[in-house]
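**Student:** Below are the chains, spelled out letter by letter.
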Amino acid sequence: MTEYQLLVQRYDPEHDSKPQRQHYTVPGDHTTSVLDALLYVQHQLDPTLGLRWSCRMAICGSCGVMVNGIPKLGCKTFLRDYHTDIIIEPLAHFAVEKDLIVDMTQFLAHLSAIKPYLMNDYSGTAVHKQTPAQLAKYQQFSNCINCGLCYSACPQFGLNPEFLGPAAITLAQRYNLDSRDNGKAARMPQLNSKNGAWGCTFVGFCSDVCPKQLDPAAAVNQTKVESAKDFIISMFKP
Amino acid sequence: MQILQTDIIVVGGGGAGLRAAIAAAEAAPQLSITLLSKVYPMRSHTVAAEGGAAAVTLSSDSAAAHFHDTISGGDWLADQPVVEFFVKQAYNELVQLEHWGCPWSRQQDGNVAVRRFGGMKTERTWFAADKTGFHILHTLFQTSLKYPAIKRLDEYFVLDLLRLGEQVVGVLALALNSGELVQIQAKSVIFATGGAGRVFHYNTNGGIVTGDGMALAYRHGVALRDMEFMQYHPTGLPGSGILITEACRGEGAVLLNKHGKRYLQDYGLGPETPLGQPQNKQMELGPRDKLSQAFWHEQQAGRCGDYNGHAVVYLDLRHLSRAHLQQRLPFICELAKAYVDIDPALEAIPIRPAVHYTMGGIATDINCQTSLPGLYAVGECASVGLHGANRLGSNSLTELLVFGRVAGEQAAHYASQCPPADSKALGVQSEMTQRWLNRRFGTNTTDSVAQLRRDMTLAMEQGCGIYRTGEGLAHCQQQLQALQQRYQQLKVTDRSKVFNSELMQYLELGFGLDVALAICSAAMARTESRGAHQRLDSGMTTRNDAGFLCHSQLYYKANSLPHLSWQAVQISSLPPALRSYGADNAIAENSTDSTQGTQP
Numbered sequence: 126m127t128e129y130q131l132l133v134q135r136y137d138p139e140h141d142s143k144p145q146r147q148h149y150t151v152p153g154d155h156t157t158s159v160l161d162a163l164l165y166v167q168h169q170l171d172p173t174l175g176l177r178w179s180c181r182m183a184i185c186g187s188c189g190v191m192v193n194g195i196p197k198l199g200c201k202t203f204l205r206d207y208h209t210d211i212i213i214e215p216l217a218h219f220a221v222e223k224d225l226i227v228d229m230t231q232f233l234a235h236l237s238a239i240k241p242y243l244m245n246d247y248s249g250t251a252v253h254k255q256t257p258a259q260l261a262k263y264q265q266f267s268n269c270i271n272c273g274l275c276y277s278a279c280p281q282f283g284l285n286p287e288f289l290g291p292a293a294i295t296l297a298q299r300y301n302l303d304s305r306d307n308g309k310a311a312r313m314p315q316l317n318s319k320n321g322a323w324g325c326t327f328v329g330f331c332s333d334v335c336p337k338q339l340d341p342a343a344a345v346n347q348t349k350v351e352s353a354k355d356f357i358i359s360m361f362k363p
Numbered sequence: 020m021q022i023l024q025t026d027i028i029v030v031g032g033g034g035a036g037l038r039a040a041i042a043a044a045e046a047a048p049q050l051s052i053t054l055l056s057k058v059y060p061m062r063s064h065t066v067a068a069e070g071g072a073a074a075v076t077l078s079s080d081s082a083a084a085h086f087h088d089t090i091s092g093g094d095w096l097a098d099q100p101v102v103e104f105f106v107k108q109a110y111n112e113l114v115q116l117e118h119w120g121c122p123w124s125r126q127q128d129g130n131v132a133v134r135r136f137g138g139m140k141t142e143r144t145w146f147a148a149d150k151t152g153f154h155i156l157h158t159l160f161q162t163s164l165k166y167p168a169i170k171r172l173d174e175y176f177v178l179d180l181l182r183l184g185e186q187v188v189g190v191l192a193l194a195l196n197s198g199e200l201v202q203i204q205a206k207s208v209i210f211a212t213g214g215a216g217r218v219f220h221y222n223t224n225g226g227i228v229t230g231d232g233m234a235l236a237y238r239h240g241v242a243l244r245d246m247e248f249m250q251y252h253p254t255g256l257p258g259s260g261i262l263i264t265e266a267c268r269g270e271g272a273v274l275l276n277k278h279g280k281r282y283l284q285d286y287g288l289g290p291e292t293p294l295g296q297p298q299n300k301q302m303e304l305g306p307r308d309k310l311s312q313a314f315w316h317e318q319q320a321g322r323c324g325d326y327n328g329h330a331v332v333y334l335d336l337r338h339l340s341r342a343h344l345q346q347r348l349p350f351i352c353e354l355a356k357a358y359v360d361i362d363p364a365l366e367a368i369p370i371r372p373a374v375h376y377t378m379g380g381i382a383t384d385i386n387c388q389t390s391l392p393g394l395y396a397v398g399e400c401a402s403v404g405l406h407g408a409n410r411l412g413s414n415s416l417t418e419l420l421v422f423g424r425v426a427g428e429q430a431a432h433y434a435s436q437c438p439p440a441d442s443k444a445l446g447v448q449s450e451m452t453q454r455w456l457n458r459r460f461g462t463n464t465t466d467s468v469a470q471l472r473r474d475m476t477l478a479m480e481q482g483c484g485i486y487r488t489g490e491g492l493a494h495c496q497q498q499l500q501a502l503q504q505r506y507q508q509l510k511v512t513d514r515s516k517v518f519n520s521e522l523m524q525y526l527e528l529g530f531g532l533d534v535a536l537a538i539c540s541a542a543m544a545r546t547e548s549r550g551a552h553q554r555l556d557s558g559m560t561t562r563n564d565a566g567f568l569c570h571s572q573l574y575y576k577a578n579s580l581p582h583l584s585w586q587a588v589q590i591s592s593l594p595p596a597l598r599s600y601g602a603d604n605a606i607a608e609n610s611t612d613s614t615q616g617t618q619p
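Chains A and B supply the protein sequences, listed in that same order. Under our numbering, the first residue of the first sequence is numbered 126, with each subsequent residue one higher. Under our numbering, the first residue of the second sequence is numbered 20, with each subsequent residue one higher.
Next up, chain B with everything else stripped away, as it sits in the complex (with noise of 0.2 Å):
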């Protein structure tokens, strides 16, 4: 087996590992780094990311304010130090991009333009058209070309962690151009690997996001946390899932039911705007779990319209000029031509509410460290604390920036002090890791891997979907165990080692199974409704404060169902209070003006 050593491993290419890197790399100099990817950095999913990044910007805007925005928008789960940080680094970070060269649209005089985005009081989201994390990886990426520091291992595939006791000391990778095992041994390992939107059928992820470095660390013994809490973006194609971004209601695109109805108006975000005048946290502009969970009732209701059999409702943007249109959202228009064959400027978009966004994940401090020495963890991979129960659009680009840095910086400071592993150790690991290897291929009489992640994919759907019950969540988790027992027999045909397609599938299913269950188990044990997770059981449809004021952890226990813990909110400044859009928020807002002064 072959044996590379490096100080310091960041798996995942994506904007968090980039920005990792780089920040490494300019911290530490001396030290190595190695950028290890299942795909080449630029096919990673911060590619798909449309709309903005949020910073406060305009004078009239406060950090204070993008401060309330994320904690009343995460339904005060979001840890509020994590996010005085968070609002305080933000703009610096996407000043940094704009000079490493990110092309961000401009206002006429050359300042930085910036968008309206849901629940976000102002206007503080910068972009680059509707390409922005387009723009912000390829940015990445290329600056990465300038540090001979790091090095690349492009489609590699992690297996396993390497450890010493606690300690974890490299990892154990497949090489997926030879199907060889390597083994990487280094001094701290950062995970950016992102999201686990796969795990559900009707998505708007890529095919990679599968929660791999979700499953690895959780299976060491990290915690996952606040994994019942999964976005459902509320515009995502019919069908596809594909994201048409909510920077086409920040331009001023409005949602209408089968009727012409602008029925947001009927969920608490009302009173209805007028067209072309987009006002913020209200209507269109309200926050993504709101919006799903009115399409819900819409649905329910039926009053929504029929696509090839899939239930939508239709994002109207003909108000908006067309010139407009291919300035502000060309790629919409693409999408919207290729994939449903719409001109939006003369024909509303049919959409949907698609999952989207994985608001927990491994958890780490402020720092990006979890609890195993030498483990950092950042991106959508990762709970930092940032988002609560509900992420608002435009805070995750930037949750790259400022944090990828933040996890680069301490995982150089870590290795800069730590002395190199005893590596004879690894050597039983690894072969064990081997030996497992082996035994995955042979035959199957009836299942298949395919099979297998279309029946996790729809329990998903049908159990932790944008509303649940107990009855649902206990039928899914049943359904997940009972997949999990097939996935132990379950063998790997294709015995290539070259680009073999069926095991890498087979590993990240596997992997996608912990994550699934983990999700299904957190959703359970919520009792009471908040952000993104809604109950319809009696006396759990609304938020409980007194019992769930706390973070869910979930630990990983072989063959059994997860052991689950809580772990306290860090309230800071903000405490609880009612969560309110439209005309309520305006309300709320006054009354919070004359009482509040010790926000950051």
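Chain A with its partners taken away, still in its complex shape (with noise of 0.2 Å):
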């Protein structure tokens, strides 16, 4: 077992006028990881802490934090990693509610309003045909846990909460990218709007930290292409 030495910040809205930091040591091995040892804290240390969790293998989305500045699962970042004082923060770009518990409203907000359901007018009863090429298209964007990390690496969500987002624009992506979908007309306004696609200004930190790899910054620059098109054709409209 080694010492660590972690850095949290810590703010509790019912006494406190600023978020502060506070200084915990705890053990661990190589297979700690930094949410194994908030929950050593939280246990063994100082039951007030709170942070969100649950399923402890990268899937359920719920622990994010910043480590050092940058947005991580808590669940698969390892202390192993850190040979410094290591520093947990709430997700950067949101509303922090108590310590490492952060307002998640807008998030929800910008999935719900881009329309992530499949829309089309079948009415059969057999299974539609999806060829597993048809399925490559949208697969990887399908793969979101909405853990919400691309959006404190967005430097415009920070200066505009009202921006769709990476997370959403990329669902939305996945639902136009379905050869089952026939809904992209009306996800297409929502996706064209100054807080859509064209609010991205390409700097692809979403990309980098997200921890299911599904590239979040390339539905967001396909995304700006069919706006092109969309706005391209248009013109010609009468």
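It is worth saying that the hints were derived from the structure and are not from the lab. All clues stand as given, with none of them false.
Residues from chain A that face chain B, not an exhaustive set, calculated with beta carbons under 7 Å: (1) Pro138; (2) Gly175; (3) Ser179; (4) Cys180; (5) Met182; (6) Cys185; (7) Glu222; (8) Ser237; (9) Leu243; (10) Val252; (11) Lys254; (12) Thr256; (13) Pro257; (14) Leu260.
The model shown is predicted, which means the values in this text are computed figures rather than measured ones. Glycine included, each C-beta is placed from N, C-alpha and C at the ideal position.
Reassemble the complex: the two chains are provided individually, in unrelated frames, and hints are given to aid placement.
**Tutor:** Right under this line is the structure:
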């Protein structure tokens, strides 16, 4: 066992006027994740620490935090990879509710806004045919776990919370690329708007931090191309 | 206290809760539906299911075959009319999910692909790579956004049911971000609150799987049924218990002991199948209970390896190509790399059994209705009678869909006919709960929620594990009763209102302790061995149909041991027979095929 030094941002809205950092020493070995360390703090040192978590296997998307300034899933980030003090803060660009818990309301609203469900006129009882190649077109974008790390990485979302942001645009593209879907026309007005794909300045940090490597920046870029096509077609329509 | 009114409350936003909410919205669009969960719906533990969902799909398959596999897999303790209904509805529900956009894996011709799974005699498991639960959950969540009737209360924690006499008329819930108690009145309530795997120390479950709904219904007089049957999944990662899907074995992975032997052939599952040629219901494709029990024997015999102090065997995928692993099992590759630093294409994964699934739960009828009018239960928190003494992998995701729909439709039908409750009487109950809550706070000298929880989970692991003895169970029961005494004295030290984690964990622990005592008590009463419940005591090591072809039903008694009664299993067409796998199964099936014509 090695001792690791954590500096955890604490904020209790009932008592604190502003956040402060608290220092904890935690034991760890080569398997200890940042989430394990935070749960050690909560169970052994300080039960008041607030954080979200559940699956501890990088699929439920609950435990996103900033680790030394980079958005990370706590359960998939390991103490072994840090050799100095580890600074843990709530996800950037979201309002903090308590300690490491942020307000996800805006994020959820953006996901809903792009109509993330299949739209078509199909009324049959059989399954749609969809070849592996057709599935591959959108499959990667269907793997988003809604952890919100890409919003913490996105400078545009930091400046303008109305910006739909990487995950929502990726989700729109997931449905737009699905061979079973005819809903693109219903989604494009959102994506074409000033808070849609054009809000992105293509920094690309969202793709760097995505714990599922699903490249949201590519989805945003594809959406810009679609949006440009939409615009050109509209110019020639009477 | 804030009062909200709705027609239907769904507690739990996992697969069963979401499917129920959508079914209710479709059945009765005029009704208002409140989907309430202690986490955002997409965090629910359905998300972690990996392998797939079963339904008869191939032309060579039949409902009778799926029925037979499920009954025999459950060691004849499933209710047969429930299984008949289930296998007939399964396919349509998976198609429905396809119509809602679930990215099912496909064959080259564009049809849905099916894979092998343990205890299933034919390939009938639909899958979305190895993230099937994740895709089902997100598809349902995203689809639910289409229905304006469904309003969500995210991060609300239910403390109690509201009742008028026998009738359930809503819930009392804590808004986690404000700490305020809210009275939510409804005409019907659906519990879809998940299992209780977290009462054990080593488990595949998320931190939220704490048995809340089971304990709530139980405290209100609803029976918990078949609680002695806890499923150990044979392949969890050592220490963490993180799930390594059965689909690995469906794709051809094999299990080795420390000598490199395919040890399952020694436990009635052989003969050994050639590498890369998995056979249904044989060797690694035996059912979970048998595989976990085989591990226990290997451990006793000293034939397990060691991983960081944990006894392990090895799941070997090396003979499958890297391309195949990446296409069919990408998440397993990711998990193995991140959590045990292993590339499965090059090295076998150390694994061991971990508690995975609660077969028992809140007793319901085939319509998901509990004994309390207005209260429904569905999914892992419920015992509808589908799984018997051992659930087959890939039956539970389908269960969420088939019975989620039933629960939603039934609750909608009930709510449409039910007059509004007299809300004045509910104020008294709400105030009592508020005062009870206020008294939870204080200081502790030695104990803590974390310490008590640890003691509970270790006691359960020791007393209610893969193999059980009368002595071990009695000791476990005493420990649990002592823990309940300590719990009575325990206080919540954090008095904050906003996201009070200690309070939430305190409440979850109280629920967990009640469920743990139910599991242990049912296990003591069942003095035979069946499915996932195995006794080592002499005279109890085999199945005893004359004495125990029945469900255990436990009724809550405050400050005491539960009251137990037995309920006959419903046998409609398949009388109890020898449960066999491997070569024995082939012989048994040849003989039954020629003698039976009465299956569904």
